[in-house]
Amino acid sequence: MSLPDSEIPAAKQLLEAALLSSPEPVTVAELRRLFEPELSADAVRRLLEELQQEWQPRAIEIVQVASGWRFQTRPVFQEKIARMNPEKPPRYSRAVMETLAIIAYRQPVTRGDIEEIRGVAVASTVLRTLEARGWIEVLGHREVPGRPALYGTTATLLDDLNLRSLQELPPLMLLTDDITHPETA
Amino acid sequence: MSLPDSEIPAAKQLLEAALLSSPEPVTVAELRRLFEPELSADAVRRLLEELQQEWQPRAIEIVQVASGWRFQTRPVFQEKIARMNPEKPPRYSRAVMETLAIIAYRQPVTRGDIEEIRGVAVASTVLRTLEARGWIEVLGHREVPGRPALYGTTATLLDDLNLRSLQELPPLMLLTDDITHPETA
Amino acid sequence: MNDAADLLEVPLAQPIARVRGEPFIGLPQDLYIPPEALEVFLDSFEGPLDLLLYLIRKNSLDILDIPMAELTRQYMEYVDAMRHGRLELAAEYLVMAAVLIEIKSRMLLPRPVAAPADEGLDPRAELMRRLLEYERIKQAAATLEALPRAGREFAVVQVWMDENLNQRLPQVTAHELQEAWAQVLSRARVNQHHRISREQLSVRDHMTRILRRLREQHFVVFHELFEEGVTVPVAVVHFIAVLELVKESMIRVSQSEAYAPLYLSLAENTMELPS
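Protein chains in written order, with the working numbering: chain Z, 50 to 234; chain B, 50 to 234; chain X, 407 to 681.
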């Protein structure tokens, strides 16, 4: 179901209000239900793209992330907004960020796998920090003695990093093939 | 300090972004700090009133409430937005969840204690929301000037969380220095 | 990433340690580490692989053709220095030392004439693979850290909606409550001026129970708080809760005369002691 031209402004207003008032990204499927009768997914997507254009010159923008569409502030304005509120976001230690990188690029992995790659023990607090932030979760257990938990990253991580899928993660540094098969001296 | 006409659009954009990205109402005093040099309270108020006019025909509006200025969804749109998501349960704001957590883990506490821990003012609506839900109650008053109310959690909260006692709350996470440290910038 | 400074989160302009009051800026240029600075210095490495990578990059060695003798010598100097100060830290580093020495000795041995199955395999291969994998992850971590992040480079917009219009009440789980608390804590840690001590929840729980009881009964004789059959740990927690309530001016303890019973009441009530 598509819209007659006369109803487009009202439809955009409604979409805008829905995105602005949702605490989490909203999917196209959810947005379709705003309308009676329901709009087609394509029609909703077209309206979203038009809205995206209209908001272009402003301080907040419409973006598409892993769990749907949302409004967010443009980074250039965020610095100024931060002046208002001296509260600083936490900065994570290298241990936390390296653990996150291993889980993101090598998932699903167990704690043992992470320790193998980093060459040191992984403190429980590191994994708990990432879990509390909602960035990693237990996907299952590896069926070996001890049934260690298998960790993977969540849609929240992608949302928080402005990504639509794991494929959008920056690629790992490229390595030449002969690393695993070094030439014999 | 007032603004030259040429800078008014950019100033409005910034105010708009600051209000839209704040989960709680923002005071004029906070909004003044967005600008360098700081704008006068009158200048900020004038800009806010102009913005209010500009948003008039849209689905969300700028309003002034007891603790400051905020954007909110116009009631007629709220109903439509609620239709969008019949199965997803609504969620409390971060302010509500954190206030509840502080009361649960640190009770009995006064509003001042909560503000000290959170580092920001606690809106009355936050405490009222939790009281109306029957999750917190006033246990008494601290005998200091102003006789602030002491809040604690109720048996209803424990019932709703499926716990038999406060001891069954998940343990406090011990954050050690190697997890997070302040931004060095 | 070749720059040693990238290994540290400390900007070079700032001293990473003070030794006898003298600022100690950056990483040591040679292998001599003042013992007082060693602890700080080691904290900047994430483990033996990280230290090896640092040595390789600092000396511009080829990671695909590591001169084992030199690398092992330098590594051992660090480990020796380390063992003086932080013995408990050294275990993982000692394992790596053993691996390095084993590789070195295998490279010194003449190859057997009869070719075994693994002939041609460089003994350094496994170490190289691990070093490269770790270096990749290290770089990926730095890249992830640099990505714009919600709450840091940008904020998610959420406009206020009247919750009363929502017929359905939000559901909360104990786990979410814990997460909210963790968020509060991590932010409080950033705002250094807020000191939040870890405290026994049970004391707080008992404080609430006493307040609730006093609100209903107006005053309670002290010993009645400790009913029969109460275990010693519970009684102790209860007693601490009373002391804490008094300290925080939430309750009042009074006595009409010496050796008379102690009465507890809410601080807000002007209590008439029963005669």
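FYI, nobody ran anything at the bench for these hints, they're computed from the structure. Quick caveat: nothing in here was measured; it's all calculated off a predicted structure. Don't take every hint at face value.
[Said to hold, decoys possible] Think about it this way: if two alpha-carbon atoms lie no more than 25 Å apart in a straight line, the pair counts; the simulated SDA-like pairs of lysine to any residue are: (1) X:653 - B:187; (2) Z:129 - X:556; (3) X:653 - X:633; (4) Z:129 - Z:104; (5) Z:129 - B:181; (6) B:61 - Z:92; (7) Z:61 - B:85; (8) X:653 - B:198; (9) Z:61 - Z:92; (10) X:653 - B:164; (11) B:129 - Z:99; (12) B:129 - Z:164; (13) Z:129 - B:85; (14) Z:129 - B:144; (15) Z:129 - B:132; (16) B:61 - Z:102; (17) B:129 - Z:97; (18) Z:129 - X:592; (19) B:129 - B:160; (20) Z:129 - B:63; (21) Z:61 - Z:82; (22) X:510 - X:468.
[Unchecked claim] Residues from chain B that keep clear of chain Z, each with C-beta distances beyond 10 Å, as calculated: (23) 75; (24) 91; (25) 155.
[Stated by the list, open to error] Computed from the model, here is a short list of chain Z residues facing chain X with C-beta under 7 Å: (26) 69; (27) 70; (28) 100; (29) 102; (30) 147; (31) 151; (32) 169; (33) 211; (34) 220; (35) 222.
Even glycine gets a Cβ: it sits at the ideal position worked out from N, Cα and C.
Task: Hint check against the structure, violated hint numbers in rising order - done: The structure conflicts with hints 5, 6, 7, 12, 15, 19, 23, 28, 29 and 34, although it agrees with all the remaining ones.
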